[in-house]
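Protein chains: 2
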Amino acid sequence: MANGYNGKILRVDLSRGTTSVDEPDENFYRQYLGGSGFINYFLLKELKGGEDPLGPENKLVFATGPVTGVPIAGSGRNNVGAKSPLTNGHGSADVGGFWSAELKFAGYDAIIVDGKAKSPVYLWIEDGNVEIKDAQHLWGKTTGDVQKLIQKELGGGGIRVCQIGMGGENQVRYACVINDINHAAGRSGMGAVMGSKNLRAIAVRGHQKVELADAKVVNSLAKALRDAIAARRDTGMSKNGTLGGLVGFNTISNLPTRNFKYGQFEGVDKISADALNEKVLVRRSGCYACPLRCKPEVAVGEPYNVVPLYGGPEYETMGALGSNCGIDNLEAICKANQQCGAYGIDTIATGVTIAFAMECFENGILTQKDTGGMKLNFGNAEAMLQLVEMIARKEGIGELLAEGTARAAKEIGKGAEEFAIHVKGQEVPMHEPRSKPGLGLGYTVSPTGADHCHNIHDHMYSTRVSERMKAMGIFEAVPPQELSATKVKLVINGSLWQHALNCLVFCMFVPFTSDKMVDLVNGITGWNTDYWELMKVSERCITMARAFNVREGMTKADDWLPKRFLTPFDSGPLKGVAIKEEELAQARDTYYGMVGWDNDGKPTLEKLQELGIEWVAEA
Amino acid sequence: MANGYNGKILRVDLSRGTTSVDEPDENFYRQYLGGSGFINYFLLKELKGGEDPLGPENKLVFATGPVTGVPIAGSGRNNVGAKSPLTNGHGSADVGGFWSAELKFAGYDAIIVDGKAKSPVYLWIEDGNVEIKDAQHLWGKTTGDVQKLIQKELGGGGIRVCQIGMGGENQVRYACVINDINHAAGRSGMGAVMGSKNLRAIAVRGHQKVELADAKVVNSLAKALRDAIAARRDTGMSKNGTLGGLVGFNTISNLPTRNFKYGQFEGVDKISADALNEKVLVRRSGCYACPLRCKPEVAVGEPYNVVPLYGGPEYETMGALGSNCGIDNLEAICKANQQCGAYGIDTIATGVTIAFAMECFENGILTQKDTGGMKLNFGNAEAMLQLVEMIARKEGIGELLAEGTARAAKEIGKGAEEFAIHVKGQEVPMHEPRSKPGLGLGYTVSPTGADHCHNIHDHMYSTRVSERMKAMGIFEAVPPQELSATKVKLVINGSLWQHALNCLVFCMFVPFTSDKMVDLVNGITGWNTDYWELMKVSERCITMARAFNVREGMTKADDWLPKRFLTPFDSGPLKGVAIKEEELAQARDTYYGMVGWDNDGKPTLEKLQELGIEWVAEA
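Protein chains in written order, with this note's numbering: chain A, 1 to 619; chain B, 1 to 619.
Keep in mind that the hints were calculated from the coordinates and are not lab data.
Each hint should be verified, as a subset may be incorrect.
Claimed, not checked - EDC-like, lysine to aspartate or glutamate: derived pairs with alpha carbons at most 20 angstroms apart: (1) A:410 with A:399; (2) A:602 with B:598; (3) B:116 with B:131; (4) A:516 with B:519; (5) B:261 with B:274; (6) B:516 with A:515; (7) B:602 with A:519; (8) B:141 with B:399; (9) B:48 with B:26; (10) A:563 with A:552; (11) B:516 with A:519; (12) A:516 with B:515; (13) A:602 with B:418; (14) B:556 with B:581; (15) B:602 with A:589; (16) B:116 with B:134.
What the hints assert, rightly or not - Covered stretches of chain B (in silico footprint by chain A; criterion: 3 or more residues with CB under 8 angstroms from a CB of chain A, positions within the stretch not fixed): (17) 488-498; (18) 524-536; (19) 601-611.
Built from N, CA and C at the ideal position, the CB exists for glycine as well.
So here's chain A without its partners, still in its complex pose (with noise of 0.2 angstroms):
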């Protein structure tokens, strides 16, 4: 086996209580990597299509990758995969922290969750030993109690906890996966299904190293990136994290608001990072051998009672809670983030579900009646801390929103669906298709809907992949508002890039090029790889991924994006903006074609026999 991975797969099985161990060959790693692409690999694999995703029959699985847990800046992380409970497709999400390298020192690369267990339980994985352990006791607690209960009852230190909150308890179909109390990966329901297993939390302490290949090289570019990001210490992620993005995001129309019916957000300088490190900040933390530390941890008194346990708003959440709630009430965002990570709820989709029923209830399609008196106006920070609890609770009209905007504007009717911001049932980030229709594309193509961790920016071409293609001469100067087969072009290089840190598995904001990743990946595993193999890796990871959701009878319809961002913008820069349907259609089509799948959208033999991976069309 190559160096940086343990070479053993843990699975566990619920339903019997039993535990065993995988050791795929070296050409296994090779040719998924890890992360994402051990994900795609064993969903595809080993579900066979039409399983209820809340039902035993799914499957979890939690990926490292080969850097994962090498001691540099970006390796603390790792992928959280299942079918998903908010698209019935293919889902997964990614997550930083401790736990994801403590995972690894424990032995193992991944482990696969299948079936249900009778009553709550918790898994402890201590070097190599396995403990599926009672946790009725934890059931309905929040994720910081319940990580300081299992590190009272383990004993000793260094025990790295992942768990689901409540809303994975009550298997709310947004629900995450929380690493180490703070790290949350948000995306597709992953802890609605750890939920559904009756599985609460892993808890991981092992004492192993990641052997590496060439220390020196390791080691090298370890210190140069530690150089490089001292060197900025008191500028951007470090000074400010992802929220430093959110003013000139608001100058570009990009700061989705009261239901991204606006790209601008009047109340921007209340919630932008100046306020939030000025009035709440208590310090920066962040993930596992990284000194960007792009986390914040905030505090605040009465009535809210922040602690800084639960970190802070990071852009998505400010976002989120925020502007597109039309909420500019800093202190109320960050308790607003608390119960969230308490509850174990993403902040995307619950923000984006509240303005949801925000805009249903200013448009009378819900009322005072839904809502059990609540005034559910845009701006109401009150209404929207209330139903977070009632989400996470299932209570009231919580059950209803916990559903995510696609089922319960479907549940509504009246014309609701027309405020339900989603792609393929999974809602939409804080990134504004008419201000980044590049991005836009991303959602519509994208196996997990509208996803902004694989996708890149339309204005943000000038870094990493596209330094590389424009050095290529291949690499235009695209206007970020043009749909065109060149911007198509780069949105399938930058994301292929994006699967490959995904696979890897590697942070996308510490600063690293494409050739230096070639030359750790090297220098962790003795391997001769290159950026081509890596990018084949990336396409085997997409193709997976999209053979997932044909087989559960997606089909081109759903490579689509909400009619809002099809409307013209009313006001700000990009009044009487919209993406244009024709161009969309073509772009999807054109995209379609780059990638090897034919115009229904369905991969090619010829593609995945070019990939290596013909055993997908049987899948």
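Please build the complex by placing chain B on the supplied structure of chain A, with the hints as guidance.
Chain B only, in chain A's frame:
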């Protein structure tokens, strides 16, 4: 401009007697790289389709690459391209020697020759200066004499000559272009195009060096390669050249015998490398900067009078003029090789055309009346030698045979077409599709028809490309006789690598892995390229050549093999083995799908867009 290039492309309009210089930007160089990349670009972009290959409107392109002229083994090469008078489609050939490096030293990366001189001329290029000089006194002379005369006429040492011979003057459709007397750009009839332009030769001398971005890296790679070659000086290519493969090929039924009727030759030992080394070898020589010295120089006394000046028969020549004509007379083959060199006609096409005539004769389709009394039986060495003369001079039946097998068979009728062993009009080289079906597929889909210079061999997958694919887990050992989708993938990956070599331009026989090649290119140019980028250049290359043929009206029906290969061998180790029609059709369609062509074999718009060559759709 990146190091490794002059940044200058010389244009010569022979109709007007003018010259000019293009200076493309670096993007152009990086997208198309050099060699085949340049040729395929210029032919597609600057011709309109429908031209007479032998008319003044055809263009003849000589192209070097970034590696040409760099002091490292394998760098002494260039490509020659034009619309082919054999195939009426895309034509190109590659060649070694010293001329290509000298052209680079003289300040040009490529030459594009347009129009037709009123009377024979030659070009004289020295350090950027270009003269079109009278060549009437050279017309009709041997290549050996012409080189001597030009060098004397221009004076001083170090002048390198690329030229045609009498075959090119007479527009034998498979006439070749000859560098330094004994290196031939043999395939596709490039010499006939040069002859049609009344251009007898291009003499060059230059005093520049190729500038290197990182001389240390380049020199270290060059030294390692030199040492590796030196370490096996007395074996392999250095001992036997390409002829070393002949006995082994015979064993696996891959030595074309009697017009491809058989794969084994009873006289194999008389034409083997051992026989040549023992009986006629004087010394070995090679190309610029290369210590491999794979080319034989031979001498034979009366009655053949062969001199070392014209080299000696290598594998292709020994097969085509030897076993394939049923001839085991080593000395006569040496003589035929010399005459082909002196007259500038392709030894492969010459041998295969003579074998065709012999089989026609043995079947009564050609008679002594047609041959002027000659008994054209297989094995008749004297008849073969006489035909070489008659073809080059277009005398007697030589005039018909100078048209190549496809046209001659059509003219003869009476079922002669069954014996015309060509693909798209290009005669099949000395590798038997029934023994190497993957190579047979390569012949089928190659833009230049039956061409061994950018296709790879079913028995050679253990080297180069496959080493990498093996490590990646996408290589599966496929039995040589299998023509599965896996084989197609290997053929494509191998062929793309060969195309990369033809763009760089670099010798396929020098042992150099792809990762070292990437280092070399970066060391030369100062770029930050990788295998992925090189593969994209290769994809552009095959796609442009394909588009050229589509424009010329070629269809899927032209992607097929001669009936002979679909007919089982009736003896030998592969008795009963043939290429199965349905397998070949399937493999062809799989190839189309894998490289991004539609089911009619036309590149899809999306593939063009992905490669950044949308302009091809208009061309």
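For each hint, the structure was consulted:
1. A:410 with A:399: At roughly 14 angstroms apart (the allowed maximum being 20 angstroms), residue 399 of chain A and residue 410 of chain A satisfy the hint.
2. A:602 with B:598: Distance of about 15 angstroms is within 20 angstroms: holds.
3. B:116 with B:131: holds (15 angstroms)
4. A:516 with B:519: Status holds; Cα separation ~14 angstroms.
5. B:261 with B:274: Given pair residue 261 of chain B, residue 274 of chain B is violated - Cα atoms ~25 angstroms apart, limit 20 angstroms.
6. B:516 with A:515: It holds: about 15 angstroms lies between the C-alpha atoms, which stays within 20 angstroms.
7. B:602 with A:519: Given pair residue 602 of chain B, residue 519 of chain A is violated - Cα atoms ~38 angstroms apart, limit 20 angstroms.
8. B:141 with B:399: holds (19 angstroms)
9. B:48 with B:26: violated (26 angstroms)
10. A:563 with A:552: Roughly 24 angstroms between the alpha carbons, so the hint for residue 563 of chain A and residue 552 of chain A is violated.
11. B:516 with A:519: Holds, at roughly 14 angstroms.
12. A:516 with B:515: Answer holds: residue 516 of chain A to residue 515 of chain B is near 15 angstroms, not above 20 angstroms.
13. A:602 with B:418: Violated: residue 602 of chain A and residue 418 of chain B sit about 42 angstroms apart, past 20 angstroms.
14. B:556 with B:581: The given pair, whose Cα atoms are some 14 angstroms apart, holds under the 20 angstroms limit.
15. B:602 with A:589: holds (18 angstroms)
16. B:116 with B:134: The given pair, whose Cα atoms are some 13 angstroms apart, holds under the 20 angstroms limit.
17. 488-498: With 3 residues close enough to chain A, the hint holds.
18. 524-536: holds (count 9)
19. 601-611: holds (count 7)
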